[in-house]
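Visitor: Using the sequences and the hints, build the whole thing.
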Amino acid sequence: MEITPTRRTFYSAVIAGLGGIMTAALAAPAAAYLLIRPKSQKQSDFVPAADLSTLTVGKPEEVVFRRTRVDGWRVLNEKSTAWVLRKDEQTVVAYTPQCTHLGCAYHWDEKENNFLCPCHTSTFSIDGKVLTGPAPRPLDRYVTRIEQGKILIGTEIQKS
Amino acid sequence: MKTLRSVIDWLEDRTGIESAIKHFLYEDVPASAGWHQVLGSVALFAFLTQVFTGMLLAGNYAPTPGEAYNSLRFIVTELTAGQLIRGLHHWGASLMIVIVVLHMTQVFLWGAYKKPREATWMVGTVLLLLTLAYGLTGYLLPWDNRAYWGTVVTTQIASLPPGAGPYVLRLLGSDGGSIGAITFARFYSAHVLLLPPLTFLLIAIHVFLVRRHGVAPVPEDAALPKKKFYPEQVFKDTVATFIWFAVLVTMAIVVRVPLGHVADPTDTSYIPRPEWYFLFLFQMLKAFQGPLEIVGAVIIPTLALLALLLAPFIDRGKAARIRERTGAIAIVVLAAVGWSALTARAIATTPPSTESPDAGLALIEPWQEIPADQLAAIGAFRKDNCGNCHTLGKSATGPDLAKAASQKPVDWLMTHFKQPAPNVATQLKNPELRGLAAFVTKRNDQGVKAWSEAPQAAVDGAMIYQANQCGACHKLNGVGMQTGPVLNGVADHRTREWLEGHFADPQKYSPGSTMPAYKLNSHDLDRLTSYLTAIPK
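Chains as they are written, first to last, in my numbering: chain A, 88 to 247; chain B, 23 to 559.
Note that these hints are calculated values from the structure, not bench results.
Predicted model only: the values in this text are computed from it and were never measured.
Please note that a few of the clues may not be correct.
[To be verified] Each computed DSSO-like pair below joins lysine-lysine, with the alpha-carbon atoms no more than 30 Å apart:
hint: 1; chain 1: A; residue 1: 166; chain 2: B; residue 2: 464
hint: 2; chain 1: B; residue 1: 559; chain 2: A; residue 2: 126
hint: 3; chain 1: B; residue 1: 471; chain 2: A; residue 2: 126
hint: 4; chain 1: B; residue 1: 44; chain 2: B; residue 2: 136
hint: 5; chain 1: B; residue 1: 340; chain 2: B; residue 2: 308
hint: 6; chain 1: B; residue 1: 451; chain 2: A; residue 2: 126
hint: 7; chain 1: A; residue 1: 237; chain 2: B; residue 2: 44
hint: 8; chain 1: A; residue 1: 126; chain 2: B; residue 2: 416
hint: 9; chain 1: A; residue 1: 166; chain 2: B; residue 2: 471
[Said to hold, decoys possible] Computed Cβ-Cβ distance ranges for the label pairs, DEER-style:
hint: 10; chain 1: A; residue 1: 124; chain 2: B; residue 2: 415; range: 24 to 30 Å
hint: 11; chain 1: B; residue 1: 223; chain 2: A; residue 2: 119; range: 30 to 36 Å
hint: 12; chain 1: B; residue 1: 529; chain 2: A; residue 2: 163; range: 48 to 54 Å
Just so you know, even glycine gets a beta-carbon here, dropped at the ideal spot from N, CA and C.
Guide: Below, the structure is given as structure tokens:
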């Protein structure tokens, strides 16, 4: 039993059309679900990290502080660190603790007077600028604020 | 086009894929094939959609008790299209049962399981069981009260077979009958690791057998030329699949998917009930009590399944037109009537749920979670117009109390409250002032949010709660005594009318209660009741 060519075209078009609609109706929400960020991401907030008076001008210190972070459906209160440099009486910079190359933890090298990343020997000046090694950009910084003698560290990270 | 052709030719030469697809599409089907045979394809696509939405859900889901609930709540409240995808998976499961049963009914009515198609039918029966197993194991995964208590009943039924019972329980990770982390892991691994490959395998065998024996013809087909599967039958299958899909998407958008409170094994008020397609079993069990329970729970379902599995060997008559298959029609009608009657009876005799089906989806605001004394202190702050000088969120005439807690001693605050400025005096009483002093010195982030956001009606309710010292006997949001019942989640098991009547005459509503009567005016009664019913569990 043969069917006419026009009928055949109609069948094929409907099969492709309805199939396409169903595929799109599943793919679009799936993409949104996987790619769009959760609705209520915690906005930036500042947490007190250290007293300004405990830092010496011109000497970076590794400061450990606690902050609340939203991780998926969990709210974590966890330890966090930053290399904080008191530049003068009233200004500080807080470098994020990862090397800008591949994310290793770096430290302040007292003798050489620079920051040294042990992974691929990138070094950074006290201002965060790359001195040697493969690091592609200066050290990233947390936004900071000073209030009533306390250093507050925010969640936002500034890259240069 | 020419390049496309050469790519296809290359592929065909190396893999034979083009001729394989053509072989599949240009399969002969009998002249009578048509709309009544679309259900198998719909079931296949329904299954593939479940796999797809299931994988998406698993991508944001933590399969452990407790975390499971939190992550599911995250999926439906925080993620774009999360509610929709869960809706597709949830209603997809229900529709899957409908389609699979309709597919079986069609095959049964037409007698399409007769020789040589017995094996196709038997594999199909096992696929029906797998579909039900997905339903049973998936039911636990939201880890809300509905999931937990429903599974308690399931595992208890599974423990009934004499001798085997304790081992079945142990296999389900429910040694001794308790539902916990191991039960959860067993159910989850069955749902996502064991059942899907088994289903794929059996579907492959099922489809292979359908192809091997061809679509079952009717007696008239012998005289008619055969048709090709593509495009006419594929068109009909596609249209039917599309109708199923449209129904599914509509349900996923329009009908809410339940998510109750997180599973609470100590909740004695929750009435468990199974998913709608198991209600008839649940109802049938009620007819068999005591030593007979095993008859309803194990023996009858096993015999029914055996009869279903062996149907091709029981019905050995020659192939006949559907109009002549009166016996089969009678069995289907009887089964449908029996199922409907049992299901209707189950729905009619189960008391309404003590918990709103989407209790877990309500967004809880800070004011619903802070103790009543704090919310009442916010009320005192507002009532005394403290905000005229203390603007929340910025420094004005007075300091911004939202930014930092007051460091002043309580005595200073009490004096300040009584006369905040020259020629200004408070209207508040001492207990209210003490509450306010405690609040401004000790408030936390939630308190600060509630301070600016709490609706006035709720604040009024909290002030009435404090003024009547309800906390002397009741605990609410973690504060108060426990002489009387904890009031969190009271709306889950008491109506508004009950609560209002109960305030005026407690003994009438709960005989033997030691609670004194409270003669509140209708405004206060309304505010207090609204406040209490808004506090979540």
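Visitor: For every hint, state whether the structure bears it out.
Guide: Now the hints, each set against the structure:
1. A hinted pair counts as satisfied when its Cα atoms are at most 30 Å apart, and residue 166 of chain A with residue 464 of chain B qualifies at roughly 25 Å.
2. With a CA separation close to 24 Å, the supplied pair residue 559 of chain B and residue 126 of chain A stays within the 30 Å bound.
3. Pair hint residue 471 of chain B plus residue 126 of chain A holds up; C-alpha atoms about 19 Å apart against a cutoff of 30 Å.
4. Pair hint residue 44 of chain B plus residue 136 of chain B holds up; C-alpha atoms about 29 Å apart against a cutoff of 30 Å.
5. For the hint linking residue 340 of chain B to residue 308 of chain B, the alpha-carbon distance of about 40 Å lies beyond 30 Å, and the restraint is violated.
6. A hinted pair counts as satisfied when its Cα atoms are at most 30 Å apart, and residue 451 of chain B with residue 126 of chain A does not qualify at roughly 43 Å.
7. For the proposed pair residue 237 of chain A and residue 44 of chain B, the alpha carbon gap of about 75 Å is over 30 Å, so the pair is violated.
8. Distance hint between residue 126 of chain A and residue 416 of chain B is fulfilled; the C-alpha atoms sit about 27 Å from each other, no more than 30 Å.
9. For the given pair, residue 166 of chain A sits about 25 Å from residue 471 of chain B by alpha-carbon distance, which is consistent with the 30 Å threshold.
10. Between residue 124 of chain A and residue 415 of chain B the CB atoms are about 27 Å apart, so this pair conforms to the stated range of 24 to 30 Å.
11. Look at residue 223 of chain B against residue 119 of chain A: about 33 Å separates their beta carbons, and that is inside 30 to 36 Å.
12. Separation of residue 529 of chain B from residue 163 of chain A is about 49 Å and conforms to the stated range, judged on CB atoms against 48 to 54 Å.
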